[in-house]
Each structure stands twice: as structure tokens, then as C-alpha cells.
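*Asks:* Residue numbers (my numbering): 6 to 543.
Derived from the structure by calculation, the hints contain no laboratory data. Take these hints with a grain of salt, some might be off.
Cβ-Cβ distance ranges computed for the label pairs, FRET-style [unchecked claim]:
no., residue 1, residue 2, range
1, F82, A112, 19 to 25 Å
2, A112, S390, 45 to 51 Å
3, K369, G24, 34 to 40 Å
4, M488, R123, 40 to 46 Å
5, E346, E28, 53 to 59 Å
Cut-off 35 Å, straight-line C-alpha distance, at most; resulting in silico cross-link-like pairs (DSBU-like, lysine-lysine) [what the hints assert, rightly or not]:
no., residue 1, residue 2
6, K106, K133
7, K356, K387
8, K46, K115
9, K343, K443
10, K194, K309
11, K498, K512
12, K30, K46
13, K443, K529
The beta-carbon is built from N, C-alpha and C at its ideal position, and this holds for glycine as well.
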Amino acid sequence: MQDAKEEIRARLAVEDVVGQYIELKRAGRNLKGRSPWGVDKTPSFMVSPEKGIWHDFSANKGGDIFKFVMEVEGISFREALEKLAAQAGVELTKYSGGDAKLAQRKARMKEALELATRYYQVAMTKNKPVLEYVFYKRNMNRATAKEFRIGYSPKVGDALVKFLQKKGYSMQEMQDAGLLNRFSKDLFKGRMMVPFIDTNGQVIGYTARVIDGGEPKYLNTPETLLFNKSRYIFGLYQAKEAIRRDNFVVIVEGNMDVISSHQAGVKQAVATSGTAMTEQHLKILSRLTSDVRLAYDGDDAGVKATERAINLAGGLGITLSVISDYHGAKDPDELIQKGAELWQVAVQERKPAVDWLLDKYEEKLDLLSADGKRAYSDIAMKVISYLGDPVERTHYMQKVAKRLDVSVEDLKAKKIDVGKPKRLKQVKTKGAKAERVKVLEDSLLAIMLFGGDAGEGINLEVPEDEAKLEDLEFVFEHNYQKMTTPEIREEVKALMAEYDKESRAVKIAELSEKLAEVEDDEEKSAEILREIQTLQKG
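Starting from the given sequences, assemble the full structure and let the hints guide the process.
*Replies:* Structure representation (C-alpha cells):
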């Protein structure tokens, strides 16, 4: 696949790829623009056409065109490779030695789904009752219907089958695409069609709502080679630009809530499309933002879903909150019908997820009784155990202890079966100090590698990745090239002092987490405490 990467790099200029997302202006040999992550007050995003790399000095990110698309789109390397290969006109199967037949099969599925979507859109324009349902009952405007590619599947049992057959598609290809029922007829009949669109803007399936009664109310595409419900996030294609710009995402329960929210001006809304939230969902969203806001109902199902989300988010560095003030409406869609501005305000006035969850259990349980206190402390300690930050855990233990009029030690004495689900590979939380250490390390590496005599005395491990080395050269040129050797040496002294201090702080935080994990083991606890004390002395 390396050959394919090089071919794509040769065909696509870094400034052209980046220029699709942000406005770039000439700054000497380089180009400058505003950070697509919205973290700079002045332009701090630099692109080097000569080196084919970019660096965002405000967000401390950098790399080549593949890393940029991964970061800005919140997608995997493979997805970025496929996206850029399509732009460059590079056929990946020629390089990978992979299954060309499988690639062709997927391509035919996508073509069939694209044609079906257009067919459904045309069918809607010819059906007056459906138009009334979409534009008057659902209050959808034409721009929204176009953005989400809303359509209608005719009640005739084989209308789509006949249409696609005329276009040269076989029954097997339609089956692969998830368009047929078990009788080899149209799966979707008499329904408003809402396409599932992937992050590249391609249709991979549908959610279909019945219009004139009948069951099921919603019918989704089955799992196919293209559609995987545990990974798919409805509305992400339409929402990702707003999520990147404003640095938060809103997760609502239903697909129609997403559409209503976008029309109401809150374009950061997405949904997990008829399935419970998974760690995969949160991992995908965490590539775009760490601020995740849940718009769940306050019923038992909403409480359980929030508890699950807290559990999943614990190791992903996500700040989780809950939007709860619906002004009497049952969901965002109904609130928006009352007034779009009410929903816009609700999204901003959210509550930390753990606080919201504990409040819900306070409402349900009698905290004046022994049974109520026991049940409340059980669930509270279970939820607190999900939190990755030791300071946050301590905060909530103190809060619960005060609420129950007991000591923190009493709470710690409880043995709670947290029942954590088996996780995917855990992503460590990157605190502000850890991020600062990374910035300092990059600065010191840049001087060590490209600062000549000024870098003497810096002893850090040299990265082997060529793209990283180019990025460090870019950092040196941008920050230090115009400084004299004596000036750089003074800068190195200051950087080394801060690097040492912040590195020790990060190490102490890591050891404190370990200390909490082994608090019942006196020998290990004493050993860790000695390490912490040594670091604190400097």
C-alpha cells in the first residue's frame, strides 16, 4: 500500500487538499490559514508545498495529506486513503493485491444504492400525500429534504426491482445492497426513505418510516458489506463540519431528531441509528471533538443509556454532558416544533452526565431510608468507578458522601461489581499537562535536529517516521530559524526547565492513578508513594 500512498501524494498537492477545508494565503514559501479545529485567534495553520506537509501550531498537530484528512474528517487511515485515492484517480486494487472482485462487488452495491436513492427522490415528487406528510406534517423544508436526500418507496412490491433490472443490475447485486426482502421483492414499500450516507457522501443503506400506519414504524437496511450499525453514525456526513468548527457534538435518540435539529440550526446533531451506543461510535466522534452532549429522555431507558455512555467514555478522554431541559416536550423534535430557539438554548444549557444521572437516582430513591441510601451508594460508586480521572472520582465521592451524610472511607469500603464491558484497545486520556509536554518535546526535538550547535545538550529519542521529521523541520523553520544561536540556547534552557517540571507532573498524575488502583496492597502503595515523593522533590 506504500506505493499507492506515494502515487496519491504525487498527484495531490497538500495545499489543494487542505484548501478544500480552509482558506489559505501565501506567507513566503509557505501558506497560512486558520485552524480547522477552531482553537486559534490568529492564523496559525501552516502548509509547506515544498515538503508536502502541514502543521497546526495552535492544536499541535501536523503531518501529510493522509493525516490531515484523518484528523479533519474524523476517519480511519483506510477511509482517508480511499477518499484521497478517489480524488487522485488512483485504483487501490492495483496496488494492494487485494480481492478485486470484492472491490467490484462493493462498487456495484454503491451504484445500485445511488440509483435507488434518485429513484425514491423522484417517486416522492409524484406523490401528493407523501409531499404533504414530509413538508407539512413533518415540517421539513425543501433545503433539508434535499440535504438529507429524502425520498419515497412506492407501495408496488417490485417497482424498484424492475427499475434496477432495466439498469443492468442483477437480483444478487440488489440482495447484496440490502434492497430485497426474503421473497426477492422490494424491501421498502410505502415508506419515507432516509438514506444512510457515509463520511464520503455515498449512500450505504436506508432508514424507512411508514407513512400511513403499519408495522414496523421504522425499517432499516440489514447489515451488508457497506452498512455496519455498530459503527454507523446517522447525520455525521452533514454534521462533521459544524462539529469541527464549534468543537462539540450532540447525540440524539432518533434519526428524525437529527434532521429537525439541523433544520433548527443545531447542525452538530447525530444519532446512532436505531442501535445502542457502542465504543466504536464514541471513538469515531472523539476524533472530531471531546465534548459530547447527550439528548436522551429522562425515562428508565434514557438513564440506562446515559450510564452506559459514561462507562464507554471513561477511557476515551471525552467530556460527557446531558441536555435535559425540553420545556415539557418529549424529545428534541417536539421541542423544535415549539420553537427552534428553545432547542438552541437547551443545547448550551447542559449538565455533566454524572451529575444528571445521580440527580435522576435521587428522584427515584428514598435517601432518608437505609435501603435507599444503600441502593443510591451502590449505583453512585458503580458510575464513579467508570471515570478515568482520579480527581473527578474524588470529587464525586465527596459529593455522594455529603449527600448521604457518610464518610468517603465508608463509600470506599463498599465492594461494587462494576460489570465493565470488554473494551477495545483503550485510548489514554490526554490532559492539558500531557499535551504541553508534547509541545515542549517537539520544540526541543526540532532544535536538537535542525538547530546545529544550539541543540547540543538536548538528549531525546529521535523519531524514525519520515513525516514526523519533516514536521519537526517545519516547526524549527517557523519558530527558531530567525533567531541567533545564543538566543536559541537561552530558549533551550527555558524549554528544558519547563519540560522537566511538566514531565514530572504528568508522571506524578500517572502514579496517582496507579495508587488508586492498588490502594488495598500496602506494599505496592508504599512503593508508588516513594516514587511520587522522589518526583515531587525534583
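*Asks:* Look at each hint and say if it fits the structure.
*Replies:* A quick look at each hint next to the structure:
At roughly 21 Å, the beta-carbon separation of F82 and A112 lies within the given 19 to 25 Å, and the hint holds. In this structure the hint that A112 and S390 lie 45 to 51 Å apart at CB holds, the actual value being about 47 Å. In this structure the hint that K369 and G24 lie 34 to 40 Å apart at CB is violated, the actual value being about 54 Å. M488 and R123 have their C-beta atoms about 59 Å apart, which leaves the hinted 40 to 46 Å range violated.
Taking 53 to 59 Å as the suggested C-beta distance range, the pair E346 and E28 does not conform, at roughly 30 Å. Proposed proximity of K106 and K133 is contradicted: the alpha carbons are some 42 Å apart, above 35 Å. Pair hint K356 plus K387 holds up; C-alpha atoms about 19 Å apart against a cutoff of 35 Å. At most 35 Å may separate the alpha-carbon atoms for a hinted pair to count; K46 and K115 exceed this at roughly 41 Å.
Annotation: proposed proximity of K343 to K443 is violated, straight-line Cα distance about 47 Å (limit 35 Å). The hinted pair formed by K194 and K309 meets the criterion: a straight-line CA distance of about 34 Å does not exceed 35 Å. Proposed proximity of K498 and K512 is supported: the alpha carbons are some 21 Å apart, at most 35 Å. Between K30 and K46 the CA atoms are separated by roughly 16 Å; this keeps the pair inside 35 Å, and the hint holds.
With a C-alpha separation of about 29 Å, the suggested pairing of K443 with K529 holds against the 35 Å cut-off.
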